[in-house]
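Participant: Join these two chains into a complex; the hints should help.
Take a look at the letters that make up each chain.
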Amino acid sequence: AQTVTQSQPEMSVQEAETVTLSCTYDTSENNYYLFWYKQPPSRQMILVIRQEAYKQQNATENRFSVNFQKAAKSFSLKISDSQLGDTAMYFCAFGSGTASKLTFGTGTRLQVTL
Amino acid sequence: EPEVTQTPSHQVTQMGQEVILRCVPISNHLYFYWYRQILGQKVEFLVSFYNNEISEKSEIFDDQFSVERPDGSNFTLKIRSTKLEDSAMYFCASSGDRDEPQHFGDGTRLSIL
Chain A
-15 AQTVTQSQPE
-5 MSVQEAETVT
5 LSCTYDTSEN
15 NYYLFWYKQP
25 PSRQMILVIR
35 QEAYKQQNAT
45 ENRFSVNFQK
55 AAKSFSLKIS
65 DSQLGDTAMY
75 FCAFGSGTAS
85 KLTFGTGTRL
95 QVTL
Chain B
4 EPEVTQTPSH
14 QVTQMGQEVI
24 LRCVPISNHL
34 YFYWYRQILG
44 QKVEFLVSFY
54 NNEISEKSEI
64 FDDQFSVERP
74 DGSNFTLKIR
84 STKLEDSAMY
94 FCASSGDRDE
104 PQHFGDGTRL
114 SIL
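Chains as they are written, first to last, in our numbering: chain A, -15 to 98; chain B, 4 to 116.
There's no promise every hint is true.
[As the list claims (entries may be wrong)] Here are some, though not all, of the chain A residues that point toward chain B, as calculated from beta-carbon distances under 10 Å:
id, residue
1, N15
2, Y21
3, S84
4, V96
Read the hints as simulated data drawn from the structure, not as lab findings. From a predicted model like this one, the values you see are computed outputs, not experimental measurements. C-beta: ideal position from N, C-alpha, C; glycine also.
Chain B with its partners taken away, still in its complex shape (with noise of 0.2 Å):
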């Protein structure tokens, strides 16, 4: 069964840096999400994207986020200037349409020092 994959699975960042968590959806999807969850808490959604455009955002997705789908099959998301609290388990999901359910991946957890 295809399936959504992440890389890298861990990703262990200084302050301050730039950080980019990489998804390949199922290759017949045409909507893109990045979710997170900080440890112990809910999954929060953070973007949508459709037709090579962000659909949705939350206030989470603030200016030092943005996410893109430079290729064919990666959709990538990349926070400029990371800090402490951005430190979770972050998501990639992709479903067929808009209404059918959104499959996701086994998370990227990310670590900031």
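So that you can see chain A by itself, here it is in the shape it has in the complex (with noise of 0.2 Å):
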């Protein structure tokens, strides 16, 4: 069975400062995705940055950008240029390539101060 671990349940940065935010998992699988889900305040789920393991690539998506070491097993969001509204949980989460579930770690919550 797949885990995924966030070892950091809180974070702060100031706004426009960079913060990065760390995911690790334990898979026996070779083919999987990575990604990174945001939920504000308002409990929604939104998809931050997806992440294939075959790509050796870091996956970037405007300010938010992975580094991900699969030998390592991890895959850490970085968040460049801070901005209030980027306040929310943060969820790093699994999926096989076999099965179609994801598989959350616990969170980070953070936040952006002025």
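Facilitator: So this is what it looks like as structure tokens:
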């Protein structure tokens, strides 16, 4: 079974600064997908970024980028130029290549301050 | 941009009653999912549905739960006899293919009294 671990329950960053959220996972599969989802106070789940395990290049999406280290089973999210609207709970999630369900980590609560 | 819609946004039900949560997935999507999130905890997978049948379910998804796609647009989750511990946020999600990103609805907050 896959597990996803987010070791930072809470993080804080000042507006315009850069912050990195950590995620590690455990799997015996070789083909899988990794995601970061954002959950603002409104509680909706919003896809931030996606990484395919077979791709060596790190995914980027505007101010959001990942550092994917397959051998270390690490998948961190970097948020550049943080904005107040980035304040949310961030969940790392694992998607198997053979099954469709997502396995989520426990989340990191990010607070962006002035 | 197309989105997954869920109704109601909040449902309050007496313990032991049946409840049906409704979802309208994105129209050209083929894979449908239900997840739940107990307050303050992580999101947990309940069930996935494809080609009019359950493709995978978790241990949480016991005989009290069922899913249905009664027509071409709706995807429902039924809890037959609710318990206090069923209180949670329930998220519906859909994807175009199994390895495509899942798009989530805004969730239904279920409160069991």
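Participant: The hint names A:V96 as touching chain B; please verify it with the least Cβ-Cβ distance against 10 Å.
Facilitator: The hint is violated - A:V96 has no Cβ within 10 Å of chain B, the shortest such distance being about 21 Å.
Participant: Taking 10 Å as the limit, does the beta-carbon of A:S84 come near enough to a beta-carbon in chain B?
Facilitator: Holds, about 5 Å.
Participant: At a threshold of 10 Å, is the proposed contact between A:N15 and chain B supported by beta-carbon distances?
Facilitator: For A:N15, the interface hint holds, since the closest Cβ of chain B sits about 9 Å away, which is under 10 Å.
Participant: With a cut-off of 10 Å on the beta carbons, see whether A:Y21 makes it to chain B.
Facilitator: Holds, about 8 Å.
Comparing the model with each earlier hint shows a violation of hint 4 alone; every other hint is respected.
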